Structures are given as structure tokens and as C-alpha cells.
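K.L.:
The chain contents come next:
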Amino acid sequence: MSQTPAGDDVTTPRTNPNSRWRCGLEPLGMACSAGPTNKGVCCQTEARKSCDTAGTETEHDCMQTCAGAATCEIAKLRPESRRLTNDSMGPCIPTRATWFSREVLALNAAILVGGILLCCMALPQREAIFVPGPLSKKHAQILGNQLVSDRCSQCHPNSHVNLHANTHAHSGGEHLNQAVTQDDLCINCHQVDLQDAVHRSPHDLTMAQLNSLQAELISGAKWVSSRNSHAEHSPTQCATCHNEHQGSAHDLQAITDQRCQACHQTQFASFGNGHPEFENFPYRTERRIAFDHRAHGEKHFAQKSETFDCKRCHLDPSNPGEVGPVSRTVGFDKGCAQCHAQPLEAAMSDGWALIQIPSIEPQDAQRPDLKLEAWPRAAQFGYDGPLTLPMRILLTADAQVAEAFSRVPVSGQLADIDPRKPEQVAAAQTIASGVRRLLAEIAAEGQAAWHRRLTTVAVNHLKRELTQHEQELIQRMTAGLPPDLFRQIEREWFQAPGNLAADGRVLSPPARAVSYQDKLLTDDLLTDELLTDDLLADDLLDGARATPPSNKADINQQRESFAKLSGLKHVLQGGWYLDEDLLAVRYRPSGHADPLLAAWTEYTVLLGAHRAASSAPHGLTELRSQLIPGGCTSCHLVSDAAHMPVSTSSLSSSWSSVQRARTLRPFTKFDHQPHLTLPLIRDCRYCHLLNSSNKALGDPASAADQRLSSSVSQHKPSPLAELPALSLDHHLHLEFKPMEKSQCTACHRPNSAGDGCTQCHNYHVGQAGFEWSRQ
Amino acid sequence: MLKHKRWLSTSLTLCAVAATWLALDATQNRLGDGATLTGWTLLVSTAGLYLLTARKRMIARPLGPVASWLQWHVYLGSFASLVFLMHIGWPIRGIFETSLAACFAIVAGSGILLGYMSRSTPRKLAALDRDYQLERIPVLQSAVANEAHQVALGSANLGEGATLAEFYQRRLLPFFRTPRSLLYRCIPNGVQRRHLLRELNDLDRYLAEQGTARRQQLATMVKVKDDLDYHEALQLRLRMLFAFHISLTWALALLIGVHVVLVYRFSGAM
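First to last, the protein sequences are chains A and B.
Residue numbers in the first sequence follow my numbering, run continuously in steps of one, and reach 881 at the last position.
Residue numbers in the second sequence follow my numbering, run continuously in steps of one, and reach 1027 at the last position.
Note that these hints are calculated values from the structure, not bench results.
One thing to keep in mind: the hints can contain errors.
Straight-line Cα separation of at most 25 Å, SDA-like style, residue types lysine to any residue; simulated pairs [as the list claims (entries may be wrong)]:
(1) A:LYS145 / B:ALA811
(2) A:LYS847 / A:TYR869
(3) B:LYS813 / A:THR204
(4) A:LYS243 / B:ARG812
(5) B:LYS813 / A:TRP127
(6) A:LYS145 / B:THR810
(7) B:LYS980 / B:ARG951
(8) B:LYS813 / A:GLY586
(9) A:LYS244 / B:GLY846
(10) A:LYS244 / B:ARG812
(11) B:LYS980 / A:PRO133
(12) A:LYS244 / A:ASP777
(13) A:LYS145 / B:TRP778
(14) B:LYS881 / A:PRO133
(15) B:LYS980 / A:LEU134
(16) B:LYS881 / A:THR204
(17) B:LYS813 / A:PRO133
(18) A:LYS847 / A:TRP127
(19) B:LYS813 / A:ARG126
(20) B:LYS813 / A:ASN124
(21) A:LYS243 / B:LEU998
(22) A:LYS244 / B:GLU854
(23) B:LYS813 / A:GLY130
(24) A:LYS410 / A:THR435
(25) B:LYS980 / B:SER938
(26) A:LYS675 / A:GLY586
(27) B:LYS980 / A:GLY135
(28) A:LYS243 / B:LYS813
(29) B:LYS813 / A:LYS847
(30) B:LYS813 / A:ALA203
(31) B:LYS813 / A:GLY146
(32) B:LYS881 / B:LEU998
(33) B:LYS813 / A:ALA140
(34) A:LYS243 / B:GLY846
(35) A:LYS145 / B:LYS813
Predicted, not measured: the structure shown is a model, and the values here were computed from it.
Just need the whole structure built from these sequences, with the hints factored in.
P.N.:
Shown next as C-alpha cells:
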């Protein structure tokens, strides 16, 4: 507006809009048309200066003459008086043009801001100025001890890289940025908890796992499907979901539902509106204990007039609080021993016959080609006796014997051999030879033979090298095996002057293997005369150990008392001993959770799980029946190898059911503790309702027998244990009614307990201990 | 026609804002970087705002009227302001980020206010009898003050008493000789004008015929002086606001540049 000449007076000089200076006479309406110079000097001053320099005194005017002034109509219209006035006023003091003033102001402001920025960059606390916001509390705690200058570089790879070096690297074809990324720095610290985050893929899963999971969900008509195919994906960045510098109170793990629904295409408004119903939740996880809640509650506890309280087994009694933490179950001592310790002790009293010498036909013992000359006479009354599972496993390491097992009856009992069938008779003879070699080998080599045979069997059946855990398992099965017992078998049962090697050769017995007692029993000097000699009746040597038997009757009496060794009496705390009645090597467990029994159970499951469906009528059945009545696996559901990772010891962890198996449900999470604080749902039965139609589980026969019978009916014979069927888990899962979504939505609503995705779901499923992601 | 054109421009601006919002939503739904999208949109639109300054420099080239560029500047500025709200997180944290946001908000806010005032001020000025060039107003104010002084001096020689001269000395001399208050310059109003005119009218009972004529002359000069003040206040207010709007533009450009460098450097992209 101020630029506009007053009215339409074309005679008024118009100033150049781009000129930085204005004539000082302009407010008086007497501005000259030439105007000040670009340096802000009046044109009269400038003209006089040039004239003075030229040395001439000429009258000047400030009217700028243009080339066409003679013909210019506007110039003609300008009154002469204006020129005179200008000249009479003398030089003016030019003023800045408005736009130029603004430009100067803006430039000064920019210089001021730039100076402030430079000063800030030079300050030691520059990070505090340029940081886009405070760190979250946990990161702030970690970085609080770092130097201020080092804090940024802990997460930002290029924050302190020298610019010159960076430029040089680029010119040389190297890219510092590609060496370490921001995600790398995140994972460096979080790799302990998020081992698979290095994949930078959805849910930290590999592409194969994602595709497999997606195919499974789609085929099962589940609710989750992906908007984007997992065939290709760009690496997921940590900062996509975890935004730092949002203040100390910011929760980095708080993820909006929209983040989840970016990939999960089946969208719904909220948990209560549109979320799919649960499917067998929360009973999809593998159970470790075959505990029949209904039978215990309605029968066993009722008979004892005791209250069947869930918290008795699922709350740690050492925790004084009423509400947690909830365990899957407490240990045996706290939860089961009160009722089951005594029956278990009774069942273990006779021990477990790992090796039992079978009975053969007397004529077989006379055949030199079979090398069974020294076969105990007590075991020569025809084909009879069980082939114990451990013995069969150990014999399978012998190729000849392994082949012979396929020709014995399905029952595995030698008593079922039909003497009219030569192939079965030959198989029995081969097995007997194998037993002889087995005993001789162990007597000669001790634990090494035991260990070698177990290793051979495992390698042959697994068809791969054994893992460290499997090697440790065999070591546990071998540890404590007493070779002296087997040497005693050689001497006393087989009357062998020496041991037999694995190939049947007779080996010289070790000199120290002949005991003082054996010498006495076999020495010809012990005639009746000498035994009745009064000299020997004298008490020459004092002490019970050094005193030889006084007479043959005493010796026989002493020998008789040794023969009646009882596991319950003599091996009370557990250990190995000989059963001379049944000609067996027995092991008496030391109690619940005996390590040897656990190792044998794991080993059997390991072999059974890896076998093809071509064998084993009743492997685990025998293990249970021959071990102790209702052995380990009647309560412990040991995982099979199909669910067992190669490199870990999760099979060993099958014995532990104390902790809730978070890793078995990696995509969901649940915390009992806050729920048990609410009076309405403090009773566990609000969520966990027994299934009234599940009658089979209430039967004492239990589903374990169903599993075993189905296993027997579906598989062909084999010398080894068969895969323990997991159908029991399925039956046990039917024990409870699956939860319904409505039970949760009563509280989990937007304005109540919340209904965000991450409240119940995990994103990072590759957490430590989750082995499924390593398959 | 002008109204129709304004509605069309406003609709196009709102459509652009809606398209940006949808693109941001789609980006976030695909786990994309929404801040990068809005950041570059904001950067480009802010750079477009500087084109008006460049256009003003190029007066000789046929690039269309500055008024059209100004309209483009106004709508692009409105668009950038809304994109700015999409880009920033709330609450804003960090000293530098807060400074940048504050600078942008000041420029945008002053621009919006300037857009409103550039439309309302001409209407107010057009309601007056005459237009005055801002640079000439001080001279005219001085001339009116001198003339009023002469009239007041003349009234003292009329023999009707010194009523008018005393009133001039007491009430009108400060009005003619001193600049108006800062409050008046910010919010120009006619309160003082009405008070003075009423008080002048009240002097009629003490004046004879000649004195009344001179009182009327003074009243006319009060009106002229107040019109000059009103012109000056409105024009100066607009000019100051414009200067305020312009003053932070280069500082804003500098802060935006530093912000972009920091973002890409700390994300590992530079």
C-alpha cells in the first residue's frame, strides 16, 4: 500500500520496488526519481562527489534523464518546480526500503540462530540440547553411567563418526552405515532375551516358519491371516514399534493394536467385538503330569474327607501370599508324597530287574557251537523267562541277536516259543548266546561295555551322531554300574574259570577276582577231617572278618544267608544287587525321582520316538510293568523326540512341571496373580471348569491305559520300546472345558481392564527357552 | 467469481490435507515410517512457501501477478500447517525440537493472522475519507499540529477569553504533538476522538461566534489527526506483523536443515 503512488499522478516519481534505499524526501512528497544508490547515498551527494573529482563546477540536478526523455510524455508532464525544489532542498538522508529492512531483520535473525546453534554444538552438553526427548526409564538408567559424549553412540551408529572419515569411506566405496545399523546395536544388548530377533522378521520367525504357520492357520480356518504374503518381506526395524525419546514414563513395549493389524488382515473392532473365540484355551500346552483332577477330587480326596483345593498344588506353599505366583504344580514332596510316597516305596521294594538270565533247553547248554556250557543249571528247564527291556536294548547292539528278536513271539516271552518251530528255537539259542556274551563282556570290560552298547543302539536307531545331552544321558545310565556283580555272576552262576570275551573266547579271570571265601569254598584242603580238627576250633584269630568258617556247616550256613539277599533288607537306600532266585541283576531305586530310572525312561522314549513305525509291541508297557508297578511314565508324560530339539535338554525338563510353560505358548501370555486378587474370580473354577462328559478320566483305569492299548494295537513288533503315544495329552486336555471369550470380556473392555492386543499376545516369540522357533 | 475461486482453492487445500492424512494412515498401517512421509511433505511444501519471496524479486519476468502467488502462498501455508500437526509428536520434547516447532508455529501463526488482517485492514481503511501513504503520515501529522497550534493562538486574541486556548493547551496539544499509545497502535479505536470532540462541543456555551468557528476548525483538525493516526496504526500494525512473519523465515530454514541432517544421521542413513 505504501508503495502505491498517491492517486493516479503519473508525474510523481515511482521508486524501483527492488531498490534497497528510499529517498529521504519521500515523506515530504518530494522524492527524486533517481533515488539513492545501492549503498544508501543520496544521488546529489554522489553526483557532486563525481564532479568534484573531475574538477569542474557544474550545476547538477537529481533528475535522472532517460534516453527517451525528449519524447517521453510523462517527463514532459513533470512540473519544472519539482526539479527546483529538489535542488533547493539539497541532499537527503536515504532510508531503507521496507522490504530491505525486513530482509536485514530476517538475515540477522538467521545469523543469530545459526550462532546459537554453533555455540550449542560446541558445548559439552550438546546432546542434551539436540536430543529429541528424554529416554525411557530403563534406557536412561543404563546410559546414565555413560559419558555424555558416548550416550548417543550406544544406539546411533553414526552419531559420532568423523565426517571427514565418513566422506573418505564413501569415496573409497565403503559405507560405514552398512557396517553397523541401529538395529544391530539394539540386538547387541537384547540378544539374551530375544535370541531370534536377529532375523528381523515378523515375530522373529524364519521365512519357512512363517509360511508353515500361515499355512497351518489357513488350512485350519483359523482367524489369523496375513495381509502380506511372507514370501518376501523387508527387515523389520526395532524403531517401527519401539519409539524412544518419548519421556521417562513412556512404555517402550506399549504397542497399539493398529501395529498388529498392519499384518493381521482379519481386523476387528475390539477384543469384545469381533475377536475370534478361543480354541481349547488354555489347554493346548503339553502336559507333563497325568493327573486326573476329577478322580482325585470326587474319589480319592472324598474318601479321605479332605478338601480338594486347587491352591494346594498350584500355589507355592512357601509363598505366604494368597494370590500367587501360580505354578503348574508343586513338586512331588509337597503335592503327592502324602498319599503316593508309601505305595511308591512298596512298589520299589523288589527293585527292577535290568538283566535276567533266561531259561533254555538243557540240550542247548550241551552244544559246543552255542558256547553255553556253563549256563546255570537253574536256568535249564526249557525256554522260559522274560527278556527285560534293558537287556533287549543292550542285546540289540549285537547284530545277530537283533535279527533274532524279529523271530521270537510278539509277547517277547521265551515261554511262548514253540519248540516245533525251528526258527523260533534258533532265535532263542541266538539270544541265549547273546546274553552270555553280554554278561561276559560287562564282566570283562565293566561300564565301558555297558556304555558302548547303549551308544551303539542309540546311534543305529537315531541314524545320526549323538548330541551332548544324549551322551550325558548314556553316562547317567552307566554311572554306578558295579562290574563286580557281573564278575560274581561269572564265577558263581556260570562257574567260569575265566571270563568270556564278546566273541566267545574264554578269558583268564583277574587274579584279584578270586576272593578268600571262594578259595575256601573250592579248596580241596577243606576236607571233613580238617574241618573237624580241633585246632581250627581254637580262637586263634580274633575278629569276625578274618575268622574263617569253622566248619563246612558254618560255611554252608553262611553261604545260604548270602543267597537270601533281599533288596528291601540289604539295599534299603537303593543300588544294584543280584537276585539269585531268578538269576537277575536288580536295581533298587533310591526313591522318587531316581536318576537312573529317569535316564532309562528318557532313553527309551528317545529311541521310541525316533523309530519308524515298524516295531515294538509294548516297549513302554514293559518299561512300566517291569520297572515298578505304575512306573515313572504313569504320572510323568515324558516328551517324545518329535517335540524335542536336537541340541537342547528339553526332554530332561519333562520331569519338571513346577513352572508354567511360557515357552510352550509363545504367542500368548497370562498372569494369574492380578486375576486372583479379584474376589469374583479368585475361585479357580471360574475359569477352569471340569468337563462333566469326561468320564473316562474319572475311571481309575485312566487314560494312560487307553494310550498304551492303542499303542499296542497300532504297531508291529520290535525289540525296542515304541514311541509313547501322546494321545494321553489329548484326553487329559478334555478334562477341562475350554475357556470362552466371554469369561474374559466381562472385564477386558476398553474402559475397564483394557483389551489391547499385546495385553495377551507376545510379538517376540523367539524368547530364550522357546525351542519351537529353532526347528 | 472471487468467492467461487476461494471456495475452490479451499476445497483443493482440504483435499490435499485429506490425501496426506490417508497416505499417512496407510503408511502406518503397513508399518511404514509415517514421520518420513509427513516430514518430506512438510519440507517440500515449506520450500514452496519461499517461492513468493523469489517471485517478488523477479519483477520483470512474466511469472504471473504477485497476487496469484500470494494466494498460492496462503493455501500452501495452510496445507503445511496442517501437515506440521501430523508430523510432530505430542507433547513436543527436546530443546532443539521444541525450538524448531515453536519457530514454525510462530511463522505459521503470524502468516495466518497476516492473511486475515490483509483482508480486514483494507476494508477498515476504505471506510475513511482519504488514503494516506504511511511514509507521508508523519509530515501530515506535523502539518495538522502546526495548523491547530496557529488556530489556538489566534483564538487567544479574539477577546472572548482564553477558554479555547486553555483547552488546547490542556487537552489538544498532547493529542497533536505526542504519538499515540502502544495500546492504540495495536488496537486502534475512536475513544479519544469521541471524548475530545464531545469536550470541544461542550465549550460552545463559553464561546462567542468567532470562538465557535475556531472550535469547529479545531474539531476538524482533531478528526484529521485521528484519521492519520488510525491510518498509521493499521498500516504499521500490518507492516510489523509482516516483518515479524518474515523475520523468522530464514532462521526456520536453517533449523529445518539441521533437523533433517540430524534425523538422517542419527538413523544411520548418512
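K.L.:
Need the status of pair LYS243 of chain A, GLY846 of chain B: alpha-carbon distance at most 25 Å?
P.N.:
19 Å, holds
K.L.:
Keeping to a limit of 25 Å between CA atoms, is the pair of LYS145 of chain A and LYS813 of chain B held or broken?
P.N.:
21 Å, holds
K.L.:
LYS243 of chain A and LEU998 of chain B were given as a pair; does the straight-line alpha-carbon distance stay at or below 25 Å?
P.N.:
43 Å, violated
K.L.:
Straight-line Cα separation of LYS881 of chain B and THR204 of chain A no greater than 25 Å?
P.N.:
22 Å, holds
K.L.:
Does GLY586 of chain A lie within 25 Å of LYS813 of chain B when you go C-alpha to C-alpha?
P.N.:
99 Å, violated
K.L.:
Going straight from one Cα to the other, do LYS244 of chain A and ASP777 of chain A come out at no more than 25 Å?
P.N.:
Since the Cα atoms of LYS244 of chain A and ASP777 of chain A sit roughly 22 Å apart, the hinted pair holds (cutoff 25 Å).
K.L.:
Check whether the Cα positions of LYS847 of chain A and TRP127 of chain A lie no farther apart than 25 Å.
P.N.:
79 Å, violated
K.L.:
Holds or violated: LYS244 of chain A with ARG812 of chain B, Cα cutoff 25 Å?
P.N.:
52 Å, violated
K.L.:
Within 25 Å, alpha carbon to alpha carbon, are LYS813 of chain B and GLY130 of chain A?
P.N.:
Since the Cα atoms of LYS813 of chain B and GLY130 of chain A sit roughly 24 Å apart, the hinted pair holds (cutoff 25 Å).
K.L.:
CA of LYS813 of chain B to CA of TRP127 of chain A, is that 25 Å or under?
P.N.:
Roughly 17 Å separates the two Cα atoms, so the pair holds.
K.L.:
Could you grab the alpha-carbon distance between LYS675 of chain A and GLY586 of chain A and see if it respects the 25 Å cut-off?
P.N.:
20 Å, holds
K.L.:
Against the 25 Å threshold, does the CA-CA distance of LYS145 of chain A and THR810 of chain B hold or violate the hint?
P.N.:
22 Å, holds
Going through the hint list in order, the structure does not satisfy hints 4, 8, 10, 13, 18, 21, 28 and 29.
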